[in-house]
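S.K.: In order, the protein sequences belong to chains A, B and C.
Per the working numbering, residue 92 is the first one in the first sequence, and the count goes up by one each step.
Per the working numbering, residue 147 is the first one in the second sequence, and the count goes up by one each step.
Per the working numbering, residue 475 is the first one in the third sequence, and the count goes up by one each step.
Treat the hints as calculated values from the structure; they're not laboratory data.
Heads up, the beta-carbon is just placed ideally off N, CA and C, and yes, glycines get one too.
Computed cross-link-like contacts, BS3-like style, restricted to lysine-lysine with a CA-CA straight-line distance of at most 27 Å: (1) B:Lys657 <-> C:Lys793; (2) A:Lys135 <-> C:Lys625; (3) C:Lys625 <-> A:Lys189; (4) B:Lys627 <-> C:Lys490; (5) B:Lys627 <-> B:Lys546; (6) C:Lys862 <-> C:Lys834; (7) B:Lys546 <-> C:Lys490; (8) B:Lys333 <-> C:Lys793; (9) C:Lys490 <-> B:Lys612; (10) B:Lys638 <-> A:Lys150; (11) A:Lys150 <-> B:Lys657; (12) A:Lys150 <-> B:Lys355; (13) C:Lys862 <-> C:Lys910; (14) B:Lys355 <-> C:Lys625; (15) C:Lys850 <-> C:Lys915; (16) A:Lys98 <-> B:Lys355.
If you want a taste of the chain A side facing chain B, the calculated C-beta under 10 Å gives, among others: (17) Gly123; (18) Glu147; (19) Ser148.
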Amino acid sequence: MSVKYTKDHEWVREEGGVYIVGISTHAAEQLGDVVFVELPEIGKSLSKGDDMAVVESVKAASDVYAPISGEVVEINQAIADEPAKVNEDAQGAAWFVKLKAKDASELDTLMDEAAYNEFVENE
Amino acid sequence: MTMNNQGRPSRADNAALISTPTFTGNKALQIEELLSFEIGSISQTGVDIAASTGNVDRLGGLHRDDDIGLPGLSEPETMRHFVRLSQKNFAIDMGPFPLGSCTMKHNPRLNEKVARLSGFSDLHPLAPQAAVQGALELIDRLAFWLKELTGMPAVAMSPKAGAHGELCGMMAIKSALDARGEGDKRKRVLAPESAHGTNPATAVQCGFKVEAIPADATGRVDLSALKEKLGDDVAGIMVTNPNTCGLFERDIRAIADAVHDAGGYFYCDGANFNAIAGKVRPGDLGIDAMHINLHKTFSTPHGGGGPGSGPTVLSDALAPFAPVPYVVCENGIYGLVETRRAANAETAGVDSMGRMTAFHGQMGMFVRALAYMMSHGVDGVRQAAEDAVLNANYVLARLKSEMTPAFDGYCMHEALFDDRFLEGTGVETIDFAKAMIDEGYHPMTMYFPLVVHGAMLIEPTESESKRELDLFCDALLSLAKRAKAGEVEPFKAAPIYAPRRRLDETAAARKPVLRWRPEGDI
Amino acid sequence: MRYLPLNDSDRATMLKAVGAATIDDLFEDVPADALNACFDLPNHQGEMEIERALGAMAAKNRAAGDGPFFIGCGAYAHHVPATVDHIIQRSEFLTSYTPYQPEIAQGTLQYLFEFQTQIASLTGMDVANASMYDGSTACAEAALMARRLTKRRKLILSGGLHPHYAAVTRTNMELHDDNVVQAPIDAEGAEDLISMIDDETSCIIVQNPDVFGNLRDLAPIAAAAHEKGALLVAVVTEVVSLGAVKSPGEMGADIVVGEGQSVGNGLIYGGPYVGLFATRQKYIRQMPGRLCGETTDAEGKRGFVLTLSTREQHIRRDKATSNICTNSGLCTLAFTVHMTLLGETGLRRLAMLNHVTACKAADALGDIDGVEIVNKSWFNEFTLRLPKNASAVVDALVDDGVLAGVPGGRLWPDDQLAENLLIVAATERATDEDIKTIALKLREAL
Chain A
92 MSVKYTKDHE
102 WVREEGGVYI
112 VGISTHAAEQ
122 LGDVVFVELP
132 EIGKSLSKGD
142 DMAVVESVKA
152 ASDVYAPISG
162 EVVEINQAIA
172 DEPAKVNEDA
182 QGAAWFVKLK
192 AKDASELDTL
202 MDEAAYNEFV
212 ENE
Chain B
147 MTMNNQGRPS
157 RADNAALIST
167 PTFTGNKALQ
177 IEELLSFEIG
187 SISQTGVDIA
197 ASTGNVDRLG
207 GLHRDDDIGL
217 PGLSEPETMR
227 HFVRLSQKNF
237 AIDMGPFPLG
247 SCTMKHNPRL
257 NEKVARLSGF
267 SDLHPLAPQA
277 AVQGALELID
287 RLAFWLKELT
297 GMPAVAMSPK
307 AGAHGELCGM
317 MAIKSALDAR
327 GEGDKRKRVL
337 APESAHGTNP
347 ATAVQCGFKV
357 EAIPADATGR
367 VDLSALKEKL
377 GDDVAGIMVT
387 NPNTCGLFER
397 DIRAIADAVH
407 DAGGYFYCDG
417 ANFNAIAGKV
427 RPGDLGIDAM
437 HINLHKTFST
447 PHGGGGPGSG
457 PTVLSDALAP
467 FAPVPYVVCE
477 NGIYGLVETR
487 RAANAETAGV
497 DSMGRMTAFH
507 GQMGMFVRAL
517 AYMMSHGVDG
527 VRQAAEDAVL
537 NANYVLARLK
547 SEMTPAFDGY
557 CMHEALFDDR
567 FLEGTGVETI
577 DFAKAMIDEG
587 YHPMTMYFPL
597 VVHGAMLIEP
607 TESESKRELD
617 LFCDALLSLA
627 KRAKAGEVEP
637 FKAAPIYAPR
647 RRLDETAAAR
657 KPVLRWRPEG
667 DI
Chain C
475 MRYLPLNDSD
485 RATMLKAVGA
495 ATIDDLFEDV
505 PADALNACFD
515 LPNHQGEMEI
525 ERALGAMAAK
535 NRAAGDGPFF
545 IGCGAYAHHV
555 PATVDHIIQR
565 SEFLTSYTPY
575 QPEIAQGTLQ
585 YLFEFQTQIA
595 SLTGMDVANA
605 SMYDGSTACA
615 EAALMARRLT
625 KRRKLILSGG
635 LHPHYAAVTR
645 TNMELHDDNV
655 VQAPIDAEGA
665 EDLISMIDDE
675 TSCIIVQNPD
685 VFGNLRDLAP
695 IAAAAHEKGA
705 LLVAVVTEVV
715 SLGAVKSPGE
725 MGADIVVGEG
735 QSVGNGLIYG
745 GPYVGLFATR
755 QKYIRQMPGR
765 LCGETTDAEG
775 KRGFVLTLST
785 REQHIRRDKA
795 TSNICTNSGL
805 CTLAFTVHMT
815 LLGETGLRRL
825 AMLNHVTACK
835 AADALGDIDG
845 VEIVNKSWFN
855 EFTLRLPKNA
865 SAVVDALVDD
875 GVLAGVPGGR
885 LWPDDQLAEN
895 LLIVAATERA
905 TDEDIKTIAL
915 KLREAL
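Let the sequences and hints guide you as you build the complete structure.
M.R.: Here is the structure:
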C-alpha cells in the first residue's frame, strides 16, 4: 500500500502485516539537525494521537504521535544511536517504530501523498 | 650634535599589513587557555595549609581513599588562568548589552562594596536573632521599598530568582484556591503565546494545565479571546506587563477585572518592571502577585547567569499564604517567623505554602538592591524608567528606516523588530546578530518572543548615553544596508573577530561531553 | 544622578527624534490615573550617605569573625582566599549574562565546564550540572527527577536530613499530592531506613554528614533502594567533607545534591549560595538546570556551549524538566577558583584540619559535666545533649560574645526531643583560644 500522512507530519506504511511509522522529510527539514530521539518500549499499547516518541534538535523538541492505534512491536534503535539518520532518510531507513494495528480502518482518515503535499504547501 | 644611534623605526607605515597564524594560537591580547585540569597537578596547591598531625580519627571508617582527580594551581597560575578566561567574555562594563527582557544595566560598585561589609558577608543565617538585628532591618527596609514601588501590601522575600518568584506566586494562588475549596476544580492557567518559557513551566510545576491566550494585531492580549477562555475552571492568568513585545497591556485593568469576575487570580510577570518603576504601581492595575527581578530592575549583577533574586509581591488575598521564613517587627525588635506552624498561628490558621528555600533568600542581592534604590531615590528610579523608555524609543525611531519594527507606535523599554527587512537577502536573524559581535556589541535577544518571525528584541536600558546609542544605531543601520546590498558572506562567517567562530551546537548535543576526563579514561 | 548618562538636552533632542512632545507621551497606554503615582520614599543620595546608612545596619550584626563562632547546619564559616574575590569582581565575569552567545562567553562557559568536572569528581558521579539556586532547592529538584525516572510518587526523607531541606522538598512534592514520608529525627544516626523502602518508593533522601554531624555508610541503603527499583539521593551540605569522607558516588548514590557555599563563598546570611547537582550518565536527559558541553568551532578549535537545552523551559515550556532559568553563575565561579587554588592536596589538608579542629572542640565540650556528645562519628560538626534547653544557653552565650551553635529548638521547634540538643560546627577558622572560650562559657552557662 501507499504511504499515508497525518497533519502532525507522521507517515505510516504497511509492510508484511505491520505498520511502519516515521516523521516526514518535510518535518525533519523543519526541525533542523536532529540530535536526539526517544522511542517507546516494545509492547507499549498506543491509541491514535498518543505521545509515541520524542525528536529533538538543538533548539526544538517535538512529540511524535501515534498515527493509528496499535501495539509497538519493533523500534528503530539505529536512530536513537545516531539521530543524524533522521535528517538523511526520514522516510526510509530512519523509521521510528513498527506497530501492530488495532483497527486498520483508522488509516482511511489519513492523507495520501498528494493531499499531504498540498497540506504542507498551505500550512 | 652628539651622535646617538638608539633610534629605531617608529612609523606605522614601516609595518607590513599582513595577518598570519601565530605559533601559540594566541592573537596578541587574545590568549588561548587550556582547562585547569590540563595545566594543574594533583600535588600542586595555591593555599598554605599544613598537613594535620596527630592521630585523630572519628570518621567512622568512611575515609576517602580513592583519587579525587582535582588538580591544583599555584596562586599566580590561578590568577592568570581566570584572568585569561575573563578576557573571552563580553560584559556590560565593556559596551552595550541590549538583550531584550534581560535589563542589562550598569552594576554600581558601591553595591559590591557594601555587600562585602563583614556584618553582611560573614553573617550566619542561623545566628541567634539578637545577633542579626541589622540584617533583619535591612530585609524589612528593602521590603518596604518593594511594597511601596509596586503598591502592594505584602512581599515574600525568599524566592531565589525570577522563576522561583513565579513559583511562589503561583503556589500562593494554588493555596488560596485550596483554601476556597476550589483547588481541584480550577486547574487551567492562561498565559499569552509571547510569555517567557518559565511561565508555562512554573504553572505545570504547580500542577496546572496551561493554555495560550492569543495576541491581537497590536501585540497585546486579545481581550475578547481571553474572556472566552475564562470560566470556573480557571485558576488564573500569567501576563507579563510591559509584555515581551515591549508594549504596555493597555487593557490591563479590563483583563484583571475579567479574571477576578471569573474567580481567578492575576499573576503578573515583573521581568519588565524597569520600564515603569517609579512611574506606575502595578498594585493600581489589579494584579494579585508579581515577582521582581532584583538582578534586572535593581542592578544586582547578572554574574554570567546568576545568582538572581526574585522577591514576590502579593495582594491581600494572597498574602496570608506567603512562604516562611519572613521578618516581623515589634517595638523596634525584629524577629523571624520560621515555621509553617508559626506562620499559620500568625494568620489565624490560614495555611502558609511552607518553605521555598533553606534560609532567608538572597541576602547578598538584598544589600546591593537596597544600596541601588537608596542611591537613586524614588526620583532617580523614576528618571531611570523614563530614560530606559526614551532610549528604546530612540533606537526604534532611528532604526525604522532600515529595519522593520514588529508593531506600530511607541514601545516601552525595549524595541521589537522582525526579520522582514532581511527577506530575500539570504541573511537571517542569527547572522545579523553574530555580525553585531564583530562590531563590538552583544547581540540583542533573538528569536524571542516566539510570536514574531525572526524576532530581534533590543533593550538598551537607561545606562546608555546618547553618543553610545547613536554609534550603536549607525552600526546596525550599516549592517542592514550591507545585508540588503547582497553582502551575505561576512554575515554567514560572523563572528570573525571573536575568541571563537560559530560553535557546533549540534555536535555538542548529539554526543554530550559534559566534563573533562584524562586521556584514555572512559 | 550618577548612574544616568543622559542629560536634559539629550532628552529633549531624543524626544524630538522620537516624535513625542513629553516623556509621558511614551506612556500613553498606561491608564492616566495610574501614571506618575506618589510614593512615600526618599530621593537620591550620594555614596557616602549610603555607606553610612548600610554600615550602621551591618554594625548591628554579629559576624562570624567577631569572636568565637561554632554555627553550621548547612552554612559553614570557611576562609576564602583573597584571589577568589578579586576574580569574581572582574567586570567580564561580574557584569556578563548567561552565555547564550557562546563566541563571546567562552570565559563563563569554560569555568562552568571546569566546575562541572570538579563537582562530578568530588561527588564520585559521572556528570554534574552548572549549579542550582542552593542545596535545598537542588534537593527538591532531585526528588522531582526521581519521580520522573521511576514514575513513582512516594519518597522517604531521612530523619538526619536538614529540616529546611525536608521542608523545601515537601513544599514542592505536595504540589503534586505525592506521598512524602518523613522519618523521625535521629540525632544518633542509627535510624533503620532500609525497612521503609518499598516497591512504591521513588527515592530515599539521605544526608551525609547528616544534620547532626553523623557520618553514614550509604552503601547498604543504596543496595536496598536499588533492589526495590528506587533511587538513592545523597545530600551533602558541607562539601569540604568530600576531601576526607568517602564520596556518595562510591557508596552507590544515583543523584547527589548539595550546598557548595563552603568553597569560595561567604555566609552572606543564607544566600546567594550554590546548589550542586550530580548524577549518572544514563540520567542526563532528566536532569534539571543548565549544562555546559564541549564542542568545536567552525575553525575546529575547542570551545564550549550550553547544551541539552531542550530539557529547559525556554524550549520545552510546559514540558520542561524544571522551571529553573538560572544557575548561581558567580558563586559557581567563586567555587571553581577556590577549588582550583586548593587542588586535591589542599582540599584534603583543609578537610583534615577541619576534622582535627572539630575533634579538639568535641573533646573540650564533651568534658563538661552533664554534657554528652551524641555522635559516634563526625566530620567537622557534632551534636551535644545539654542538661537544659539549648536555645536559652545559646542566647546567654551571645551576651558573652560566643556564637555557640544551632539549638535543636531552632530547627525542630515542635519536637521536645530536640530541645536540649546543640549542634556545634568547628571549621579551620576556629582557634584553640576560641575552643577554650566556648568551653569556659558553656560550663558557666550550665
